[in-house]
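Colleague: Input sequences plus hints: build the corresponding full structure.
Each chain, written out:
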Amino acid sequence: MTKPAQKPVLEFGTVKPGARPWAPLEERPKCCEPRPFVRTEGLSVFYGSRAAIREVSLSVNRGCITALVGPSGCGKTSFLCALNRMTDLIPGAKVYGRVELSGEDILDAGADVVALRRRVGMIFQKPNPFPLSVRRNLELPLREHGVRDRSAIEEKVERALRDVGLWEEVKDRLDAPAQALSGGQQQRLCIARALALDPEALLFDEPCSALDPLAAGVVEDRIASLRGRYSVVIVTHNLAQARRIADWVALFWMIDGAGRLVEYGSSKAVFEAATHPITAAYISGIRG
Amino acid sequence: MADALTAPVAATPARADGALRETAALVAVWGTAALIAGVFLWILGELVWNGVGALSWEYLTSAPREAGRAGGIAPILVSTLAILGVCLAATVPIAFGSAVFLAEYTSDAGRFGRVVRTSLDVLAGVPSIVFGLFGNAFFCRTLGLGFSILSGGLTLACMALPLVIRSTEEGLRAVPREYRMGAAALALSRTTTLFRLLLPAAVPGLTAGLVLGIGRALAETAALIFTSGYVDRMPSSLLDSGRALSIHVYDLSMNVAGGDRNAYASALVLVGLLLLVNGVAGALSALWRRRLAAP
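Residue numbers (this note's numbering), protein chains in the order written: chain A, 1 to 288; chain B, 1 to 295.
Errors might be hidden in some of the hints.
As the list claims (entries may be wrong) - In silico contact screen, one side only, chain A against chain B (beta carbon under 8 Å); selected entries:
hint: 1; residue: L89
hint: 2; residue: L140
hint: 3; residue: E144
hint: 4; residue: R148
hint: 5; residue: R150
hint: 6; residue: R222
Derived from the structure by calculation, the hints contain no laboratory data. Cβ atoms here follow ideal geometry from the backbone N, Cα and C, with glycine treated the same way.
Modeller: Written out as structure tokens, the structure reads:
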């Protein structure tokens, strides 16, 4: 055995003890004059008799990135799923309260779920491209929603793929199976698939947590680039990620056996001047 | 928990002892596999050895004479294929519909779905002679179809259905939940999701079930004696009685003195047919899968 290299891998000496690992939050670009896109009022989600979230009132602002943070099991995903009625697919899930989108309650029995999900797309934790070719993954939803014209489809496919920075990588193998793409590419394909339908908002459920750090970084940049054009709500376990990309931050916490919203405000306010003791503890890394 | 962590790891067995056990396990595993393969090859070899001499184009295309001791099996082959056709025509659509219903419209825990599933599992284990009696009572008498290819095929369909339904359902259920979630999030309709995403993914399950079902149907004698009969004339319609290959084999070997050679030849044809059906089913399912996934 040779002696291990003497050079230290990390120059710990350059980081002063007690220093925060991030720079102070700069002021966000002015996309975020708070104009509500979707507003919840007293939203509760129950699985059977167990409350996943209780009485959450929150207004998501148009054109901004809103991060939902908090420990596992505190109802972030349940909240997200209620925003486009994906809760309908979960057996035994019941939703109470109001979710208002353009003044209409989408929880109403008569609400048009198809129209809702076209306006509010969703991207999941695990990339879920369909077992079809790259092109067909985008074509299928487009055709389903009435885009039949070949050239219109081509154009939308290309635009969506360019939007997620995937076009250059896949333009020569559009007919290859989507499953052959790497994890990060698959996730970007899923984002493109949602974008192709021209939604107004996108919901992300921990979109980076199943990816390796490099791919996660690329996906994160793409999500950040949606700011201003789409309203984005992203669930993340990664506080640093929330800090990097979010304009607004909502902290969920488990209180009395149900997920509650404990703090909601601009990223700057939550990260630098938290009002709730739980938030302060969570942000500084004492809890969670 | 703490105990498990702190307890000393069990001593590994002495090297020689471990090696001996490894070898014994290896021999046992390979031995059983070889035994199974050996039995199959023995049967096949026996059939080929005894039957291939009688096999010829003439044999496949001429009518049997002297109760099958001489002549060929043309009408029997036609009847067999007709029975199989009726069976498939009834099985595929019904199995398909039921499987989609069970997998997509009932939950695992729901009472109705559970009752249907249990009944299917019980039906799959019912002895074929019971299906034969049922087919005779229902198709032949109640529906007045008499001893006919139609009665036989429908009875076989009843036998094959539980197998095919359950394996198609399993195939559909094995489709990852992510596809359904993704499809719902894109507001795809239930039919699009089913036909474009779920069915192509479930085709292997459907094919596996179908091959099992066809195998069971082709091999069937007991159920057919009571329903399609054993007249060995060339059938002129589905309402004619017709003798299936398996019944022909049975008849030649049990009831006809000196029919052994032709019994072997017929059995060889039956096995060949089975292999052919398996191959065609595999090829069709590959083709169909590509077609469904294409625009």
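Colleague: Would you mind marking each hint as holding or not holding in the structure?
Modeller: Checked hints:
{"no.": "1", "hint": "L89", "in the structure": "holds (6 Å)"}
{"no.": "2", "hint": "L140", "in the structure": "holds (6 Å)"}
{"no.": "3", "hint": "E144", "in the structure": "holds (5 Å)"}
{"no.": "4", "hint": "R148", "in the structure": "violated (11 Å)"}
{"no.": "5", "hint": "R150", "in the structure": "violated (10 Å)"}
{"no.": "6", "hint": "R222", "in the structure": "violated (18 Å)"}
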